[in-house]
Amino acid sequence: MKIKLQIYILGKVMTIEGLLMLLPVLCGLIYGELRNSVIYALFAIGYIAAGLLVSLKKPAKMTIYLKDGCIATALSWIVLSVCGCLPFIVTGEIPSFTNAMFETVSGFTTTGASILTNVEGLSHISLLWRSLTHWIGGMGVLVFLLAVVPMSGGSNMNLMKAESPGPSVGKFVPKVRTTAKALYTIYLALTIIEILVLIISGMPVFDSVCSAFGTAGTGGFGIRNDSFASYSSHIQWIVAVFMILFGINFNFYYLIIARQPGKALKLSEVKVYLAIILISTVTITLNILKVTGGSAEAARHAFFQVATVITTTGFATTDFDTWPTLSKLIMVVLMFIGACAGSTGGGIKVSRFQIRAKMIVREIACYINPRAVKKVQIDGKPIDPDLERSVSVFFFVYLLIFTASAGIVALEGHDLVTTFTSVAATINNIGPGLSMVGPTCNYAFLSGLSKWVLIFDMLAGRLELFPLIIFLNPMTYKGSFKGFFSMKQN
Amino acid sequence: MAKRGLRIIVVGAGKVGDTLVNRLADEGHNLVIIDKNEERLTQLANLCDCMCISGNGASHEVLEEAGITETDLFIAVTESDELNLLCCTIAKQFNNKLATIARVRNPDYIRDVSYLRSRLGIEMIINPEYEAAVEASRLLFLPAAISVNSFAHGQAELVKIEIPNGNILDGKTISYLGQNITNDILIVGVERGSELTIPNGSFELKAGDIISFVTTRKSSFHFLKAIGFNTRSVRSSMIVGGGTCAYYLADLLIKSGIDVKIIEKDAARCEKLCDLLPKATILRGDGTNESLLEEAGIRDVESVVALTGLDEENIMLALHTKVVSNAKAITKINKITFTEAIESLNLGSVIYPKYITAERIISSARSRQATIGSNLEVMYSLFGDRAEACEFKVKEASRVTGVMLKDLNLKPNLVISFIGRDGKIIIPTGSDQINIGDNVMIVTMNKGFTELSDILK
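So the sequence lines, in the order shown, correspond to chains A and B. Under numbering that gives the first Met the number 0, the first residue of the first sequence is numbered 0, with each subsequent residue one higher. Under numbering that gives the first Met the number 0, the first residue of the second sequence is numbered 0, with each subsequent residue one higher.
The reader is advised that the hints may include incorrect statements.
Within a straight-line C-alpha distance of at most 20 Å, the following computed DMTMM-like cross-link-like pairs (lysine to aspartate or glutamate) qualify [unchecked claim]:
id: 1; chain 1: A; residue 1: Lys60; chain 2: B; residue 2: Asp274
id: 2; chain 1: A; residue 1: Lys160; chain 2: B; residue 2: Glu161
id: 3; chain 1: B; residue 1: Lys278; chain 2: B; residue 2: Asp310
id: 4; chain 1: A; residue 1: Lys160; chain 2: B; residue 2: Glu294
id: 5; chain 1: A; residue 1: Lys380; chain 2: B; residue 2: Glu342
id: 6; chain 1: A; residue 1: Lys262; chain 2: B; residue 2: Asp274
id: 7; chain 1: B; residue 1: Lys171; chain 2: B; residue 2: Glu130
id: 8; chain 1: B; residue 1: Lys35; chain 2: A; residue 2: Asp414
id: 9; chain 1: A; residue 1: Lys262; chain 2: B; residue 2: Glu81
id: 10; chain 1: A; residue 1: Lys265; chain 2: B; residue 2: Glu190
id: 11; chain 1: B; residue 1: Lys205; chain 2: B; residue 2: Glu161
id: 12; chain 1: B; residue 1: Lys217; chain 2: B; residue 2: Glu26
id: 13; chain 1: A; residue 1: Lys262; chain 2: B; residue 2: Glu69
id: 14; chain 1: B; residue 1: Lys334; chain 2: B; residue 2: Glu78
id: 15; chain 1: B; residue 1: Lys159; chain 2: B; residue 2: Glu342
id: 16; chain 1: A; residue 1: Lys180; chain 2: B; residue 2: Asp25
id: 17; chain 1: A; residue 1: Lys160; chain 2: A; residue 2: Glu411
id: 18; chain 1: B; residue 1: Lys260; chain 2: B; residue 2: Asp274
id: 19; chain 1: A; residue 1: Lys380; chain 2: B; residue 2: Glu312
id: 20; chain 1: A; residue 1: Lys380; chain 2: B; residue 2: Glu387
id: 21; chain 1: B; residue 1: Lys278; chain 2: B; residue 2: Glu312
id: 22; chain 1: B; residue 1: Lys35; chain 2: A; residue 2: Asp320
id: 23; chain 1: A; residue 1: Lys380; chain 2: B; residue 2: Glu64
id: 24; chain 1: A; residue 1: Lys373; chain 2: B; residue 2: Glu190
id: 25; chain 1: B; residue 1: Lys224; chain 2: B; residue 2: Asp310
id: 26; chain 1: A; residue 1: Lys60; chain 2: B; residue 2: Glu122
id: 27; chain 1: B; residue 1: Lys171; chain 2: B; residue 2: Glu190
id: 28; chain 1: A; residue 1: Lys262; chain 2: B; residue 2: Glu64
id: 29; chain 1: B; residue 1: Lys334; chain 2: B; residue 2: Asp310
id: 30; chain 1: A; residue 1: Lys265; chain 2: B; residue 2: Glu395
id: 31; chain 1: B; residue 1: Lys260; chain 2: B; residue 2: Glu312
Chain A is nowhere near these chain B residues, computed Cβ spacing over 12 Å in every case [claimed, not checked]:
id: 32; residue: Ile32
id: 33; residue: Thr172
id: 34; residue: Arg231
id: 35; residue: Ala267
id: 36; residue: Ser343
id: 37; residue: Lys423
These are computed hints drawn from the structure, not numbers from a lab. C-beta: ideal position from N, C-alpha, C; glycine also.
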């Protein structure tokens with residue numbers, strides 16, 4: 000492990016966070032929230048200065064191996080969250096460190112689970128910062144770093160691999176930097192389009208910006224206590240469509256921009272994703288017809304809730320906890336499926352399920368023809384055995400972390416549904432679960448221990464388990480520090 | 000450099016491909032690599048900023064996927080000559096302006112180089128074995144040098160020598176050298192231990208320093224003679240290993256009247272060499288057999304060139320040569336690895352065919368890129384990448400033109416190594432000046448120069 004390299008990356012991450020924090024400061028000044036603006040501005044300037052100071056010296060060796068990439072990612076996200084939560088504490092809006100951390104991690108990991116009982120009580124500046132954390136966390140801060148800071152060498156692909164969701168992270172173009180730039184350009188463009196569409200359809204500007212940030216990162220922090228229930232129905236339709244758009248693999252958009260729509264339409268993951276949405280929406284609509292006031296409303300609620308859960312956003316227009324069991328079950332299943340790989344969404348990802356499903360088919364075929372040689376193919380390309388292995392291991396590790404977390408949360412003695420869905424909603428980065436953590440409730444009642452477990456789950460889910468495990472594994476650091484300290488003495 | 004990188008496709012991720020890709024990526028080009036071996040591709044993609052496509056580089060579909068229509072430069076360096084030529088031919092069909100480079104090693108095709116270039120439109124045909132042979136022959140013509148590289152289309156040479164104990168240069172400053180010995184050479188770099196210096200006039204040379212100087216071929220002989228070096232070319236050479244490179248080298252040496260002995264294991268190959276090189280003495284036997292080497296006269300021969308296919312054998316052979324005789328030893332090393340350890344051995348001169356190939360291709364990519372912006376014509380990396388030699392074309396008047404060199408306020412660690420004017424090379428002194436239309440070569444340890452005026456403080 001290269002400590003100098005880690006410090007350099009952390010410095011850059013802090014600088015970026017400080018710069019992005021200036022946006023809420025501007026908003027605070029517009030709304031005349033002077034005291035909070037000063038606090039945020041001081042933090043922003045502090046982070047920029049500290050970041051610049053720390054990353055002043057570029058390390059001579061910039062080769063980032065996969066291990067370094069994982070550590071840098073985990074470390075960056077932790078630092079990002081700690082730095083991000085301090086303003087909440089100092090402004091006194093979320094005085095406890097645990098709660099502020101929960102809120103911020105929930106923001107950056109695009110979970111959207113909140114401990115706030117009264118969201119509307121927050122200042123505009125904090126509301127915007129909360130939503131902005133979604134936007135930053137959606138595409139990832141290291142991808143942003145790769146896009147703006149020139150770093151030579153191809154090994155920085157390992158940073159992107161560690162941070163970006165999906166079983167295999169690829170590049171559209173030869174250079175990492177160009178790829179990262181393309182991703183952020185698409186991301187920014189879609190966000191701006193959403194803001195404009197929302198403003199045109201009659202949403203206040205501040206609400207539009209916050210909602211768009213929440214949708215783009217598939218986060219889910221609402222700025223009203225009832226999330227989206229009180230907005231007009233056409234705004235709900237627009238937001239639902241944008242959620243689904245942000246849950247699509249960004250390769251799709253790149254291929255369309257690169258004038259290869261043929262290839263884009265062939266992406267099987269996107270097709271499967273859209274098919275799941277369609278089937279779930281239809282089933283739930285039919286199932287909830289009786290409890291809602293008419294088919295149009297049922298369709299709208301079904302579509303919005305399916306979109307919000309499969310993309311792991313976590314907005315709500317209705318309390319789906321009151322729905323029939325079949326609908327609730329579908330919602331829980333969708334929580335685990337998650338969005339497409341290479342999108343801003345969380346969950347296990349459609350492509351992992353695709354690979355697993357095809358592996359099952361192959362396994363069955365091998366029982367019928369034991370000597371059959373068969374490869375799992377996605378989009379007409381054979382899947383690397385290493386990838387198959389890593390997907391299998393991912394599922395099991397996921398299961399282990401899930402069970403262990405649920406076990407700890409269960410110590411509190413809440414009902415099974417609450418315990419189960421609180422972990423499911425955080426590890427999959429959704430936000431609202433069912434029962435006591437349902438769409439109309441929040442996470443404030445949980446104990447400190449449970450909150451920290453869920454904070455871990457949110458980070459683990461967003462970074463797709465392994466970077467965090469590598470970071471926490473003592474074996475990773477064998478002998479690294481010794482070298483660093485003896486070097487310092489010289 | 001702020002210039003736009005070229006879009007380059009490299010077919011073949013073998014050892015040359017590997018070196019090439021790493022170097023090209025460092026220079027900011029957009030690279031796509033095509034190879035059939037996925038494992039090699041994955042390894043490359045992990046450490047290098049490039050896109051990898053697995054498939055056959057001669058396939059129309061694969062090339063299309065690699066974005067051939069928007070590519071500026073196409074390089075085929077697979078193991079097979081035929082595949083390389085085929086790749087280039089097919090790639091050319093997409094885009095007539097595309098520059099293609101093919102690696103071709105088989106002497107059968109090398110005789111057709113001009114035909115291949117004109118008919119198939121291949122811009123450059125590179126033959127690592129031949130390039131290595133040329134480099135080895137340069138060293139045999141000037142055995143006192145550790146290495147000899149040519150510059151500026153062969154008009155200038157960069158010669159590297161070690162100052163032996165008791166040499167007249169020991170303890171002399173560079174300005175003394177200029178006043179008393181010769182003005183026709185310019186020392187561009189001194190390596191003392193692991194430290195590299197670009198010296199100024201007051202720099203004092205010491206025995207054991209390895210100096211590199213730029214000059215024309217004729218002046219280098221004069222200079223070396225003046226400081227007491229032997230400038231005579233070797234009269235006899237023993238080549239161990241009878242591969243393609245050995246054939247090219249023997250051919251070059253025999254043409255200059257040098258006596259050549261080739262030791263080769265394989266009987267059929269010996270026969271073949273015998274047909275190709277009637278004037279050479281071909282010995283059949285194992286080149287690592289000590290008694291055979293004795294019998295072949297390793298103690299009396301003036302140079303030994305180790306060209307077997309095994310790097311370890313070559314290294315041992317060179318070490319052995321150094322122990323038993325005073326002959327000039329040249330070692331060919333195929334695999335570019337453990338370079339630091341190899342440098343620390345007393346091997347004499349080492350040539351890396353793969354490195355030479357990569358270097359040739361890279362300088363071609365640089366000159367293509369240079370046509371896009373800036374006045375930088377060619378750039379070479381020197382001293383294991385610690386310094387750069389940049390050649391600029393002076394197109395217009397600027398702060399550096401028309402002023403005597405001694406009056407220019409230059410950055411430290413930089414020298415103007417030569418000025419090319421009207422097809423002649425001028426090794427500049429303080430009273431020379433740069434004119435419009437000149438080609439100027441700068442050697443510097445500061446990297447990233449794009450304009451000649453960057454040399455000023």
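Hint by hint, here is what the structure shows:
no.: 1; hint: A:Lys60 with B:Asp274; in the structure: violated, 53 Å
no.: 2; hint: A:Lys160 with B:Glu161; in the structure: violated, 48 Å
no.: 3; hint: B:Lys278 with B:Asp310; in the structure: violated, 28 Å
no.: 4; hint: A:Lys160 with B:Glu294; in the structure: violated, 60 Å
no.: 5; hint: A:Lys380 with B:Glu342; in the structure: violated, 45 Å
no.: 6; hint: A:Lys262 with B:Asp274; in the structure: violated, 57 Å
no.: 7; hint: B:Lys171 with B:Glu130; in the structure: violated, 36 Å
no.: 8; hint: B:Lys35 with A:Asp414; in the structure: violated, 56 Å
no.: 9; hint: A:Lys262 with B:Glu81; in the structure: violated, 32 Å
no.: 10; hint: A:Lys265 with B:Glu190; in the structure: violated, 59 Å
no.: 11; hint: B:Lys205 with B:Glu161; in the structure: holds, 10 Å
no.: 12; hint: B:Lys217 with B:Glu26; in the structure: violated, 35 Å
no.: 13; hint: A:Lys262 with B:Glu69; in the structure: holds, 18 Å
no.: 14; hint: B:Lys334 with B:Glu78; in the structure: holds, 14 Å
no.: 15; hint: B:Lys159 with B:Glu342; in the structure: holds, 14 Å
no.: 16; hint: A:Lys180 with B:Asp25; in the structure: holds, 19 Å
no.: 17; hint: A:Lys160 with A:Glu411; in the structure: violated, 37 Å
no.: 18; hint: B:Lys260 with B:Asp274; in the structure: holds, 14 Å
no.: 19; hint: A:Lys380 with B:Glu312; in the structure: violated, 43 Å
no.: 20; hint: A:Lys380 with B:Glu387; in the structure: violated, 44 Å
no.: 21; hint: B:Lys278 with B:Glu312; in the structure: violated, 26 Å
no.: 22; hint: B:Lys35 with A:Asp320; in the structure: violated, 54 Å
no.: 23; hint: A:Lys380 with B:Glu64; in the structure: holds, 14 Å
no.: 24; hint: A:Lys373 with B:Glu190; in the structure: violated, 59 Å
no.: 25; hint: B:Lys224 with B:Asp310; in the structure: violated, 34 Å
no.: 26; hint: A:Lys60 with B:Glu122; in the structure: violated, 36 Å
no.: 27; hint: B:Lys171 with B:Glu190; in the structure: holds, 16 Å
no.: 28; hint: A:Lys262 with B:Glu64; in the structure: holds, 11 Å
no.: 29; hint: B:Lys334 with B:Asp310; in the structure: holds, 7 Å
no.: 30; hint: A:Lys265 with B:Glu395; in the structure: violated, 54 Å
no.: 31; hint: B:Lys260 with B:Glu312; in the structure: holds, 18 Å
no.: 32; hint: Ile32; in the structure: violated, 9 Å
no.: 33; hint: Thr172; in the structure: holds, 33 Å
no.: 34; hint: Arg231; in the structure: holds, 44 Å
no.: 35; hint: Ala267; in the structure: holds, 40 Å
no.: 36; hint: Ser343; in the structure: holds, 21 Å
no.: 37; hint: Lys423; in the structure: holds, 39 Å
Of the numbered hints listed earlier, those contradicted by the structure are 1, 2, 3, 4, 5, 6, 7, 8, 9, 10, 12, 17, 19, 20, 21, 22, 24, 25, 26, 30, 32.
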